[in-house]
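Asks: The primary structure of each chain is shown beneath.
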Amino acid sequence: MQRKKEIMVTTLRTVMASLLLGLVLFPFLWIVLTSFKPLAEAMTVPPKVLPQLWTVSAYERLFGPRNFNIYIVNSLIVACSSVLLSTMLGGWTAYGLSRFGFKAKPHVNAFILICLSFPGPLLVIPFFQLMLKLRLFDTVLALILAYLTFTLPFITWMLKAYFDTIPRELDEAAIIDGCSQYAIFWRIILPLAKPGYVATGIYAFLNAWNEYMFGLTLTSSEASKTLPVALGSLLGEFMTDWSCIMAGAVVASLPVIVVFFFMQKQLIYGLTGGAVKG
Amino acid sequence: MVKNQVHFSLSSPKAAPYVFVMPAVLILAALIIYPTVLALQNSLQTANGFGFDSYFKIFRDSLVWQTLLNTCIFTVISVIGHYLLGLAIALLTNDRIYGKSFFRVCFLIPWMFPAVVPGIIWRWMLHGQFGIVNSFLQHLGLIDSYIPWLASPNTALIMVILANIWRGFPLYVATLLAGLQTIPRAMYDAAEVDGANWFSTFWYVTLPQLKGVSIVMLLTDTIWQFNNFTMVQTMTMGGPGHSSEVLPTLIYKNAFNYNDYALASALGILLLLVMLIPGFIYVSHSLKSDKA
Chain A
1 MQRKKEIMVT
11 TLRTVMASLL
21 LGLVLFPFLW
31 IVLTSFKPLA
41 EAMTVPPKVL
51 PQLWTVSAYE
61 RLFGPRNFNI
71 YIVNSLIVAC
81 SSVLLSTMLG
91 GWTAYGLSRF
101 GFKAKPHVNA
111 FILICLSFPG
121 PLLVIPFFQL
131 MLKLRLFDTV
141 LALILAYLTF
151 TLPFITWMLK
161 AYFDTIPREL
171 DEAAIIDGCS
181 QYAIFWRIIL
191 PLAKPGYVAT
201 GIYAFLNAWN
211 EYMFGLTLTS
221 SEASKTLPVA
231 LGSLLGEFMT
241 DWSCIMAGAV
251 VASLPVIVVF
261 FFMQKQLIYG
271 LTGGAVKG
Chain B
1 MVKNQVHFSL
11 SSPKAAPYVF
21 VMPAVLILAA
31 LIIYPTVLAL
41 QNSLQTANGF
51 GFDSYFKIFR
61 DSLVWQTLLN
71 TCIFTVISVI
81 GHYLLGLAIA
91 LLTNDRIYGK
101 SFFRVCFLIP
111 WMFPAVVPGI
121 IWRWMLHGQF
131 GIVNSFLQHL
141 GLIDSYIPWL
151 ASPNTALIMV
161 ILANIWRGFP
171 LYVATLLAGL
181 QTIPRAMYDA
191 AEVDGANWFS
201 TFWYVTLPQL
211 KGVSIVMLLT
221 DTIWQFNNFT
231 MVQTMTMGGP
241 GHSSEVLPTL
251 IYKNAFNYND
261 YALASALGIL
271 LLLVMLIPGF
281 IYVSHSLKSD
291 KA
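As they're listed, the protein sequences go chains A and B.
Residue numbers are given in full-length UniProt numbering: position 15 of the first sequence equals residue 15, and the series is strictly consecutive.
Residue numbers are given in full-length UniProt numbering: position 218 of the second sequence equals residue 218, and the series is strictly consecutive.
Treat each hint with caution, since some may be false.
What the hints assert, rightly or not - Calculated lysine-lysine pairs in the DSS-like style (CA-CA distance at most 30 Å, straight line): (1) A:Lys133 to B:Lys253; (2) A:Lys194 to B:Lys14; (3) B:Lys100 to A:Lys265; (4) B:Lys291 to A:Lys103; (5) A:Lys265 to B:Lys288; (6) B:Lys288 to A:Lys194.
As the list claims (entries may be wrong) - Derived coverage of chain A by chain B (criterion: at least 3 residues anywhere in the stretch with Cβ under 8 Å from a Cβ of chain B; other residues may be distant): (7) 15–27; (8) 39–50; (9) 114–124; (10) 128–142; (11) 203–213; (12) 258–266.
It is worth saying that the hints were derived from the structure and are not from the lab.
Using N, Cα and C, we set each Cβ at its ideal position, and we do this for glycine too.
Chain A extracted, bound-state conformation:
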C-alpha cells in the first residue's frame, strides 16, 4: 500500500514538473520553429505552430547579408579577453584576501563587494565620454575594459570563497619547505583551484557573452558590435524580419546552452557557490 502511494505521488510530481517545464520551455521552442519559417509564413494570422515549409533562409540571411559571423567573433574576443584578464588578476587578488590578515583587508573586501553591486547604468555615460577621449570608442578594447567592471569583482569574490576551502595546512607545509608566498600561489593553490577557476570563468564568460548595455553604448560599427547588440538592432528596423531575428536568437543562445549542458556541474557551482554560503 505504502509503496503504491509513493509511486503515485512521484508520478504526480513528475507530471506537474513536466507541465511546468513545457510552459517554461515553450518560448524557446517557438523561436526555433519561427526561425525555420519563411518570413511570409511567420506573419500569418492566426500563427500556425509548425512551419508549412521548413526553410533555412532566415539563417542564410543572418550569415549572408547580415554578417553575423563578424558579431560572433567580436563577442568571442570581448568575452574571452575580459574573462582571461579577470581570472588572472582576480585569482591573484583573491589569494591575497583569502590567505593574509592585514590592516586594510576589511576595506578591500568591502570595496570588492561594492564594485560587485555597482549600478552599471551610472557608468555607461562616463565610459562613453572616456572612450571617446581615449579614442577607444567603437573598439573591442573599450568593451573589454568595460566588461572588467563586472567580471573582475565577481571572479575575485568567487575565487576567494574557493581558496578559503583549500586547507591552510598545505600552505604551512610549503612554508616549512622554504616556499615563498608567491611560489605557494603558483605551485599549490593554482593547481588545486582549477575547478574553481573553471566554474567562475564559465559563469563570468556567460555574463560577458550576454551583456547588452555597454555593448550598445560603446560600439557603433560592425567592427566591434557584439552579438546581442546586433540582434537588438534588428528589432529597431522599419520592416522587422522576424524569422531572421528568431534565427539570430537561436544562434546566440545555442552555444550557451551547449556549454551549459556539458559543464552544468561546474556552472551550477558558479551559480550557487557564493550564495549558499551565506
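Given chain A, work out where chain B should sit, using these hints.
Replies: For chain B alone, coordinates are given in the frame of chain A:
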C-alpha cells in the same frame, strides 16, 4: 634582519598581501570610482559653470517620479515572482520525482539566454498581430479581439515584468536547491515523528533553513533588477509613452537620444542613491557571513 630592511622587498611578509591585492583594487578604482567621479562632475555641469540645476530639474519632473515608481514596481514584483516560482520548482524537483537531474538542468535554461533574447522572444510572442499569446488566448475564449500587449500603456509594464520573471527565476531554482540539500534529513524525520503536516514542516523546518540563501539571493536580485536595462529596452524601450519607463532606460534616453549628459548623470546618481540601501545591506551581510 638588516638584509630585509635594505631592500624593502616584495617578499617581506608585510608587503606580500598588498602585492596580491593592489592590482585588482587599482584597476577597479580606475574603472568604477573614477567614472563615478566623472558622472558626479557631469551632473553638476550647468550652462554657466557648476550648480545643482540638473538635480532641481529631476526632482521637479513628474516623469522622474513616475519612472522611480515604475522601477520599484518592476523590481519588487520581479524579485517576488522569481522567488516564489524558484522556490516552488526547487521544492518540486528536490525529492521523489522521476528524471530529477533532467528537470533540474532544464529548468535553468531560460537563465542561459543572452540578455536580449528573452526580450526578443516575448516581444514576438506578445506581438499584437502575429503573436502566439493572442491566438492562444482567443482559442481558449479568454479574449474576443487581439490585444497589443506591449503597445498599450495599461499592459506594457506588467508584460515586461512577466517576461522578466520568466528569465530570472532559474537562478533561484539552482541556489534554493543547493540550499535544500544542506538541510539535515534528521530534521524532517523529527518533524514526521512529531506528526507535522506538509505545511508546518515547510514553514518551521524548510523555510528557516533556507533563510541564509534566501537573504543573499533576494538582496543580489534586488540590486540586479534595479539596474535591469536590457529587458525594458528590448521589449518596449520604456514606452508606449513612458508607461514602462525605468531609471536605466530613462538614463539611456537622456544621454544617447537627447545628448543631455548632465541630466542623465544626475539620474545615474539618483539610481546610485536609491541603490545605497540594498547595497549597504548586501555588503554588510556578505562581510558578516564571510567572517563566520
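Asks: What are the numbers of the hints that this structure violates, sorted from low to high?
Replies: Going through the list in order, the structure violates no hint and respects every one.
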